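Chemist: Residue 600 in my numbering sits at position 374 of the sequence shown, and the numbers go up by one each step.
I should point out that these hints are in silico values taken from the structure, not numbers from a laboratory.
As the structure is a prediction and not an experimental result, all values here were calculated from the model.
Every residue, glycine too, gets a C-beta built ideally from N, C-alpha and C.
Careful, some of the hints might be misleading.
[Unchecked claim] Quick list of simulated restraints, FRET-style, between CB atoms:
1. G591 <-> V374: 46 to 52 Å
2. L650 <-> P300: 55 to 61 Å
3. P494 <-> D412: 35 to 41 Å
4. N264 <-> G572: 17 to 23 Å
5. Q344 <-> I648: 51 to 57 Å
6. R418 <-> S389: 24 to 30 Å
7. G509 <-> K422: 53 to 59 Å
8. R557 <-> A298: 25 to 31 Å
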Amino acid sequence: MTESHPRPSDDHADDPADATDAPDTDADTDTDTTTETNPLVLCGARLTDGRVVDVRLGGGRIEAVGTAGSLAVPGARVDLRGHLLLPAPVEPHAHSDTALTADGTGPGIPGPVSHRPQDIQRRATEAALLQLGHGATALRAHVRIGSVQGLASLDAVLRAQDSLRGLVELAPVAVPRLLTGVAGADNLAILRDAVKMGACAVGGCPDLDPDPAGYAEAVLEIAAEHGCPVDLHTDGDDPARLGRLAAVAGGVRSGVSVGPCAGLARLPSQSATRAADQLAAAGVTVICLPQGGCCGVEGRGTAPVGLLRAAGVRIAAGSGALRDVTNPVGRGDPLEAAYLLSSQSGLRPDEAYRAVSSTARKAMGLPEVRVEAGFPAELLAVRGEQLSGVLSLAYSRIVVHRGRVVARTSAVREYCDSETVIALGLPRQGRPDPFGGP
227 MTESHPRPSD DHADDPADAT DAPDTDADTD TDTTTETNPL VLCGARLTDG
277 RVVDVRLGGG RIEAVGTAGS LAVPGARVDL RGHLLLPAPV EPHAHSDTAL
327 TADGTGPGIP GPVSHRPQDI QRRATEAALL QLGHGATALR AHVRIGSVQG
377 LASLDAVLRA QDSLRGLVEL APVAVPRLLT GVAGADNLAI LRDAVKMGAC
427 AVGGCPDLDP DPAGYAEAVL EIAAEHGCPV DLHTDGDDPA RLGRLAAVAG
477 GVRSGVSVGP CAGLARLPSQ SATRAADQLA AAGVTVICLP QGGCCGVEGR
527 GTAPVGLLRA AGVRIAAGSG ALRDVTNPVG RGDPLEAAYL LSSQSGLRPD
577 EAYRAVSSTA RKAMGLPEVR VEAGFPAELL AVRGEQLSGV LSLAYSRIVV
627 HRGRVVARTS AVREYCDSET VIALGLPRQG RPDPFGGP
């Protein structure tokens, strides 16, 4: 971005009646000489407790929070009047190597999906920027390794990670298909190499291995060797298998996450409750996918969030598939995931938002974010006054990563002239051409 002031926006943007059907997302990827050390003041933002404040950022952190107008210092400013300011969400469950492949190798490119490293890198980059535009300043991406591809897909995603540095944090998880028996021996070595290459976590899908328990134990062993977290795919429809996983996961200090666990919802209540109790006791985080669709498991549906929360399980929420063959209409929007948690699982808006922000950050090993001095400047401003409205009508967004604005989305809805529109003071289109033009 070459200037720190927001682009002109319509005063009615994001009013319940003022959103376009197709908002224009504008990720600021142009040449930018601003660094995270430059001071920036966010002016007139509303917080979830109702206060309207100025927030000064510097060095990638929040330096001060004061009443509106109290931080009037020289420097770059962003007017956030009419916006709710939140800790930025993150994406704890993406599939960067398969994203945007539902219609072929990529958007506008028909034909079979390409697995060439340069095409995977392009898709991973585009997908990360799309999710950044939604507000996610960090993503955990599950990447397949082994088989014919070896480590090529991981290398491509790591290249995307490098190209996105300063815009969004992209953290790959190494996902082998098989890890037990003769077929899995090579993949064990490849998984160790993947961690050395830069994979931030180890994962995979035990459900697809002939020996699910052996698969999970192998992943946990490698995680212990390298001190990295574990993030496993499982449908969760086998309570005995979940119980064994929980029994060994408690000793992994770097943390264990599982998901999407939609199969738990199909179990008898007593079996599901026992499994949930075991996961809670082991400190395992469940990453559910309210939007549905994940290429790591066969089952559909969503996890029984209420049952898991009642047992004390930490619940984070991710997006899963993003326009691939598993979910060709996936949006990759954390606010939509929070909206679905609230509308379908009965969580309060603040609880639902924590699932895509603070709890998801903890699952990813990221530092806590609050709109308070001293915390990382990872923020999302959404036009609106209350969290419930923001989750329902999150059209216009301004995303802050490492103390600078890195993406904007703006939207306006207008109506043709009518007595009703005029009486309600709604935004109107230009007056009709007297000669019948558009």
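Chemist: Each of the hints needs a verdict: does it hold here or not?
Modeler: Hint by hint, here is what the structure shows:
The supplied range of 46 to 52 Å is broken by G591 and V374, whose beta-carbon atoms lie about 31 Å from each other. Judged by the Cβ atoms, the range 55 to 61 Å given for L650 and P300 is violated: they are separated by roughly 41 Å. Checking the proposed 35 to 41 Å range against P494 and D412 shows it holds: the Cβ atoms sit about 39 Å from each other. At roughly 43 Å, the beta-carbon separation of N264 and G572 lies outside the given 17 to 23 Å, and the hint is violated.
The supplied range of 51 to 57 Å is met by Q344 and I648, whose beta-carbon atoms lie about 54 Å from each other. Range check, R418 to S389: about 26 Å between beta-carbon atoms, so the 24 to 30 Å window is met. Between G509 and K422 the C-beta distance comes to about 27 Å, which lies outside the given range of 53 to 59 Å. For the hinted restraint 25 to 31 Å between R557 and A298, the CB-CB distance of approximately 39 Å leaves it violated.
The structure fails hints 1, 2, 4, 7, 8 (numbered hints given earlier, in ascending order).
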